[in-house]
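Protein sequence lines, in the order shown, are assigned to chains A and B. Residues in the first sequence are numbered consecutively from 1, following UniProt numbering. Residues in the second sequence are numbered consecutively from 1, following UniProt numbering.
Since the hints were derived computationally from the structure, they do not count as laboratory data. For every residue, glycine included, the Cβ atom is placed at its ideal position computed from N, Cα and C. A hint or two may mislead.
Said to hold, decoys possible - Here are the simulated distance ranges between beta carbons:
id : chain 1 : residue 1 : chain 2 : residue 2 : range
1  : B       : 137       : A       : 123       : 29 to 35 Å
2  : B       : 663       : A       : 800       : 54 to 60 Å
3  : B       : 121       : A       : 126       : 33 to 39 Å
4  : A       : 123       : B       : 123       : 33 to 39 Å
5  : B       : 123       : A       : 124       : 29 to 35 Å
6  : B       : 364       : A       : 123       : 49 to 55 Å
7  : A       : 124       : B       : 364       : 50 to 56 Å
Stated by the list, open to error - Partner residues aside, some chain A positions facing chain B, computed with beta carbon under 8 Å:
id : residue
8  : 95
9  : 264
10 : 273
11 : 278
If you want the building blocks of each chain, they are given just below.
There are 2 protein chains.
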Amino acid sequence: MLNVHLLPHTHDDVGWVKTVDQYYYGGKHLVGVVPDTHHGSRIPSEPWTAGWGQCLAWAPVWRRVPLALLVPECPTPVSTVQNELHHGAVKNILDSVISALRAEPSRRFVYVEMAFFSRWWHQQTNATQQAVRELVRQGRLEFANGGWVMNDEAATHYGAIVDQMTLGLRFLQDTFGDDGRPRVAWHIDPFGHSREQASLFAQMGFDGIFLGRMDYQDRELRKKKREMELVWRASASLQPPTADLFTGLLSNAYDPPKHLCWDLVCDHDSSMVGDPFSPEDNADVLIDHFLDVATKQWQSYRTNHIVMTMGGDFHYENAHMWFSNLDKLIQLVNAEQQASGSPVHVLYSTPACYLWELNKANLTWSLKEDDFFPYADGPHQFWTGYFSSRPALKRYERVSYNFLQVCKQLEALAAPAANVGPYGSGDSALLEEAMAVLQHHDAITGTSRQLVADDYARRLAAGWGRCEVLLSNALARLSGSQEAFSICPELNISVCPLSQTSARFQVAIYNPLARKVDRMVRLPVSAGAFLVKDPSGHAVPSDVLLLPQPEGQKPSPELLFSASVPALGFSIYSVSRVSLRRSKTHIPQPISQKPGSAVLNIKNEHIRATFNLETGFLMQIEDLEQKLVLPMNQSFFWYKAGTVGQKISQSSGAYIFKPQQQKPLPVSDSAQIHLLKTPLVQEVHQNFSAWCAQVVRLYRGQRHLELEWTVGPIPVGHLLEDLLLLGLSLSIKPRPLTGGISQVPGAGAGSPPHPHTHPCHQDGKKQLTVLTDRSQGGSSLQDGSLELMVHRRLLLDDNRGVGEPLLEEGSGSWVRGRHLVLLDAVGTAAAGHRLLAEKEVLAPQVVLAPSGSALYHPGATRQLQFSGLRRELPPSVHLLTLARWGPQTLLLRLEHQFARGEDSGRNLSSPVTLNLQNLFSTFTITRLQETTLAANQPRASASRLQWNPDTGTTPTPTVPPLDPASITLQPMEIRTFVASVQWEEFAWSHGGDPVQA
Amino acid sequence: MLNVHLLPHTHDDVGWVKTVDQYYYGGKHLVGVVPDTHHGSRIPSEPWTAGWGQCLAWAPVWRRVPLALLVPECPTPVSTVQNELHHGAVKNILDSVISALRAEPSRRFVYVEMAFFSRWWHQQTNATQQAVRELVRQGRLEFANGGWVMNDEAATHYGAIVDQMTLGLRFLQDTFGDDGRPRVAWHIDPFGHSREQASLFAQMGFDGIFLGRMDYQDRELRKKKREMELVWRASASLQPPTADLFTGLLSNAYDPPKHLCWDLVCDHDSSMVGDPFSPEDNADVLIDHFLDVATKQWQSYRTNHIVMTMGGDFHYENAHMWFSNLDKLIQLVNAEQQASGSPVHVLYSTPACYLWELNKANLTWSLKEDDFFPYADGPHQFWTGYFSSRPALKRYERVSYNFLQVCKQLEALAAPAANVGPYGSGDSALLEEAMAVLQHHDAITGTSRQLVADDYARRLAAGWGRCEVLLSNALARLSGSQEAFSICPELNISVCPLSQTSARFQVAIYNPLARKVDRMVRLPVSAGAFLVKDPSGHAVPSDVLLLPQPEGQKPSPELLFSASVPALGFSIYSVSRVSLRRSKTHIPQPISQKPGSAVLNIKNEHIRATFNLETGFLMQIEDLEQKLVLPMNQSFFWYKAGTVGQKISQSSGAYIFKPQQQKPLPVSDSAQIHLLKTPLVQEVHQNFSAWCAQVVRLYRGQRHLELEWTVGPIPVGHLLEDLLLLGLSLSIKPRPLTGGISQVPGAGAGSPPHPHTHPCHQDGKKQLTVLTDRSQGGSSLQDGSLELMVHRRLLLDDNRGVGEPLLEEGSGSWVRGRHLVLLDAVGTAAAGHRLLAEKEVLAPQVVLAPSGSALYHPGATRQLQFSGLRRELPPSVHLLTLARWGPQTLLLRLEHQFARGEDSGRNLSSPVTLNLQNLFSTFTITRLQETTLAANQPRASASRLQWNPDTGTTPTPTVPPLDPASITLQPMEIRTFVASVQWEEFAWSHGGDPVQA
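Chain A on its own, in the form it takes in the complex:
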């Protein structure tokens, strides 16, 4: 007997071809028909362009090619041509599904995306809410996954994944209690699956996960071997079964079987008629077809149960259509079973019910330990383009992650004074929600339409606004002075009106790490020399650099100084212009090309970088202490993509990277270079072409080399011989080089949950590591080569539904970013790159203020330095989360950031024990409760279904009793706590080592 579980479900993208709000309300304006009034007044003018995407010209040569002339061959964007309706009105879906569930008790439904559901929930009457609570209680409405969105697994940062899952699951817990807690993770659409994501889900307490997309060859093989259901061991560091996750691979992605799609958007399938008097009657044909599909599917699975996903993208807007057909299907198939003894029984079900049946079968399952990456849905159709698509948006998301953590920390440290203060009302909620939305698998991936990408940026910008108020309130409270704090979001392009026009100003720097950091601060200023004082009033060394600007613009000086900031706290530096007599301004000097073997060096106490004077390219890095030498040849390349009119089987697009040739072409044979040397920094400025430049930089004291690249707009059209630019690769070619390299960036790059690290071993001794500042596709097609795709521009769509080529005209066309390059001995490389990565992901936040402000309140003491910690945490511990949870509670996550056995130098891979008592300076923990990772269950009472891998069963370890004075973290472990706290009245006076102004 075969039981077929029908799963009625809808897959509601949180933005894709339409914006989130368009999908919620059913808006039908797509790109090309948006009326001017629609967005004009509401969206700040390209908010993220100004802040993060744009990059002004670095050298005059940039402007020599009139860019407008390059694009006459550019086709009209597809979206304005194929402007067909894209259905979707989640409001209607939920109205309609609830009504259909209430009409017939046997029906069931699965809902997933809390970004939509919570919004709908808050618009309902009490009566409807009560009815929905009852449906949830009875299991007729079941939530799966339950995150704010169904996040991407490649381009995301694991911290943001944890945040967005926490946001969604918390809504469910608050609204429905345990009845609403999803038992099953449901990642049926993301474009490949990372082991790290599975580990996170396991730690959140999920009983299993269902996946929709996987490599087409892997799928065929697994079907043959009946390994479509398996146990995934998702961590090499965590003790099994902590990170084991039962994984079900769905037979038909998340779609219904052919001919059995009964949504209003299913154009070709007929409804079940079941009326013998009608010439339209098709019941016999459809029932036969269903039985055929079911028995065929059964051949790839191992129990007497199989599952069919009855739904799709934005299905169930008219739930009645789906349900009345399923009602009839169930009735007729089961009647057939009774009448003619067919072996098939069919029932309404849910993922959790189906999983329960699988568990009851008590089989042993094959064990998997690697990723489901990269994803290809056909030959030469690898979904690896999206690792790099929309690099500007990808960077804006990372900077926003950084800022959100700053915002949440200050909200926790300064308590209610952060939310309401002299600057008004602020909170982290709006940015938290915006960041959660950005984790959606069409957001951070860059696979939405341009209109939608703009809307994602708008959401982040709106979230920043409220966090800036919070930050000002909190800094005022903690520093005791009402400064007119402001953030300069355009510092990356050296624009900051306050520092550029003031002779005196203050620079507050907030450090979100649990350890002190030293940081070079670089600010555009007015002409002249400057005196910089630290919080104790001592002068610190500083330089003024004068960098060339695009033609017609005045050269803008930049002030550079080194700052030091305590853990979870801030330092306030003061800057004042001094008499010109002391001024020394540094200007980059042109270096002419020299044939032969002439070289150029920059170096500091740790590193020397050498340049070939014939090509202008970086040719060698040396670690001076360890005497490690790495020859290389670094420059920029591009891949040919298909163009309009060309006959190609698969074009590159937002999802897919499919170059027309295997080898990339160099952007140029040589780079023009300039050299800048100051006491604090040494820089080689390389100009590869009108739209491609790089600064190779060494700050004093830093152990890594910084490559700051500036690329775009990528030209298209006849000037490139009718071949259109697909992307661009930075190629580092250390030779000889052995060992592999991950093809996948982001959260899922192998087991360590740290993004942007591209390690590259050499002969078992040296390790080259490149940290990126956002998700980037990377590959090492031959040993010794490393390519990172920094930017993409495409004239064709890749036919995966977005229906718009990735033109990136406007906001995302110019991009600047940084690669941090570390050369180290293998045994100590992890210590270097993990601690550097932490500093990049949670970088200090620079806040400016004019000098001379009022006190926070009469009698307040000005504090120029503050720490939220009474003692630093050890280097292996990362403070992943510090945030407000309730009126008197905080959420705290502590993470061991080294993998088992990773560090052989300072023993950073060992377990570490912390004392949380008396740790924080602004509050006291009065009660501590440990929870699962998403904070929706107490850890002590959480239990998961047990699964037996074919390698043998491991018993679930018992949870030790909780002692706040002795919290031990194992390698890669994250422990999550809800802490009841009491804030101190004058928290800052006890904190750290304050210095009075």
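Once you have looked at the hints, place chain B on chain A.
Frame of chain A; chain B shown alone:
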């Protein structure tokens, strides 16, 4: 203050782009994607082709042109290319609307088409039925129109209109009582409106009608003059206000205002958001727009009320979408009114509520007395093509009307013995429903897709099947013998296996008129001579004709004899082959062309027709008694239509007739002719081309000339110089000729409710009248010319939604039909054509049986002749309906078939009084109740809203007391009765003048 009545409604075509069942169940297979299994086994192979549409070649020359070679240029039918989904699932609409009405008490909805509603009703549970009854009782669900379909007004026969309205309204009355009785007629989609239709609606008791389509110039003028609402005086014969009907012309057809369409099929309009926090919020813009539309519309209307139709074709499949937007619109507009004093109030309403408000305004209204025909929706866009589109289907409908009346009469006369008898179970219900469906404005009009036209034919054929059983049962009962009765549906192409293979057989002829008829019977037989005997056993004169057949087929003899049949009864003739010695077979003889003035004549005692021997064309008709002479020149023409690739602003299509040149082109300059003369008939056979022929025929004793044309398949392609055939015109050009001619065929051709009459006055004395056998477009562009469009074939669609060119490949490609031509003095012409028309519309039904059968039951008496009437009705009275109504009741309609003052010869236009007592031979009327025309209200208690035309008010006449012995009919009056009856045990023994076998 302006009150805006919102009318939520759906317009559900009973077949159009999809079949009735596809629309009901939401089937999505359109032409081109129908799987073979879908229709192959269920639909009888082209049922109407065999019977009525097809026409075998008349002369060998027909086959000389290989037709397949003519169509290589024919484009792929549009439907297989533009195969986009056409929404529509009435089952879902009704489910969804009822659910939405129950969810919110303020909502209202209008439903119209009983073909769908009754079907849905019978599939509901008792609980749902009860809930719907309550919605109807409370006025939240209101029925408008209430016919089985929303019938066409041009191509229909008035008798079929009355039948289909009766069927629908009876369902409502039986199901909901007076709560469900529609007060308002609702013809918002038919393509023009006839005065006769309005008269019928008035006689059915409607308070008013709303119309959607009218000539675009008329509409503009009426808007300016505020004459969009008016009183229509729909009869010149009936005493006002009997046929007065209040008429509202809707502002925007039946669509919602621009931007305010909230159905799922409205691709471009956004839902009302009303969420100030969403960038999608559009409430302000939409409310302003709504107020603007409302106040502009108000300028064309006269009261403080206007109406907006909120719905469209197959809208409300997801009723929630529409209603939730309307809820919000009402809420926001009325809130605006409260807040800022806007003068607009908006409410859910119904047509009846709105009409009631108009009536309360107590204004006087302009009076209209003519048609709304022809309909043009733009310059040169006249919807006159559909008068002729699909002539084969149009004819099949007329023949089916005839057969249905025969079937219903026999069901009434023979009582239960008709329904269940020796041949099984039969009834008229299936054909009644099929005929009702055929009246739909995309059915009889020929404006559906081919797939759907085939389905209409299939429905008729299925209805015929059950009526044939009934007819056999009834004839057996009434004749007392169990014959193996059979109908030969292919008699029109001279195919009838029984008569062609038997040496002896019987011919039963049933006459559905209330008067005796004489009729020429023509049957294919085997070779030889035949003896024909009447019911008294007397031999009657007969001829055998031998007509040429298509190449390769054996010549088939036809037997011709004259029969006489009593009123509402039958005569049974016997035919037997006799010795060859007595045989004389008549064969048409070729007549060679002769230049100059040579002529050829055929004539009988009343008429002489003369042919020009140079051209072969008919050139003169003479009435020999009255000495009237009408010279003419009759032949066939065709119009050039647009072709693929030609740039034309409007192409001809199923709806629109738009020739590319004003003058038609002749099919040929001359016709080859053959002559046949026998004692009973004289015929000239004309061959115009390979696909166009005609027989001009004069039977002995007949007062009209018969033109039997055979046309098709119309060739397309290069052979016609790349000009594709649009249609073909039969042009009769009597000169000189004065007076006008109706452009419109069908029920609405001027005031007399008789179709197919094309009168043509000449100099005030002579009148030429042409009776057609189906709806045909006609025109007289110049005085003295008459064109009737007999067939159409088009390669382009005319862009009115059907999305398929009228190719008529297959079933409808060859068509045969007859024009009956009468020449008379003006004062006596009506008597001639009205009595002839009656004989054509309700022609005798020929039924065959082999000789030598059993008795109906032992002891039964064989009856070879029978009449259901004890006395004939006077010639001015037409028995419009005689049908079973209930177990002991019949429905009876008597009609005065002459208009006021129409006949000056025999005084047939005078009122006439009948005695119904003891009139029928098989039953006695025990009680008589008069009703309104559709039999859903007693006439005595029916009352209609009173309206004041600006010409003065006429009081409603009082209804005189009913006396069955004295029923007076005024000119054009139809009186409808429900009669309680008692059937006689051996009815036939008292009937007429039976002759024993």
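Structure-based check of all given hints:
{"no.": "1", "hint": "B:137 <-> A:123: 29 to 35 Å", "result": "holds, 33 Å"}
{"no.": "2", "hint": "B:663 <-> A:800: 54 to 60 Å", "result": "holds, 58 Å"}
{"no.": "3", "hint": "B:121 <-> A:126: 33 to 39 Å", "result": "holds, 35 Å"}
{"no.": "4", "hint": "A:123 <-> B:123: 33 to 39 Å", "result": "holds, 34 Å"}
{"no.": "5", "hint": "B:123 <-> A:124: 29 to 35 Å", "result": "holds, 32 Å"}
{"no.": "6", "hint": "B:364 <-> A:123: 49 to 55 Å", "result": "holds, 50 Å"}
{"no.": "7", "hint": "A:124 <-> B:364: 50 to 56 Å", "result": "holds, 52 Å"}
{"no.": "8", "hint": "95", "result": "holds, 6 Å"}
{"no.": "9", "hint": "264", "result": "holds, 6 Å"}
{"no.": "10", "hint": "273", "result": "holds, 5 Å"}
{"no.": "11", "hint": "278", "result": "holds, 5 Å"}
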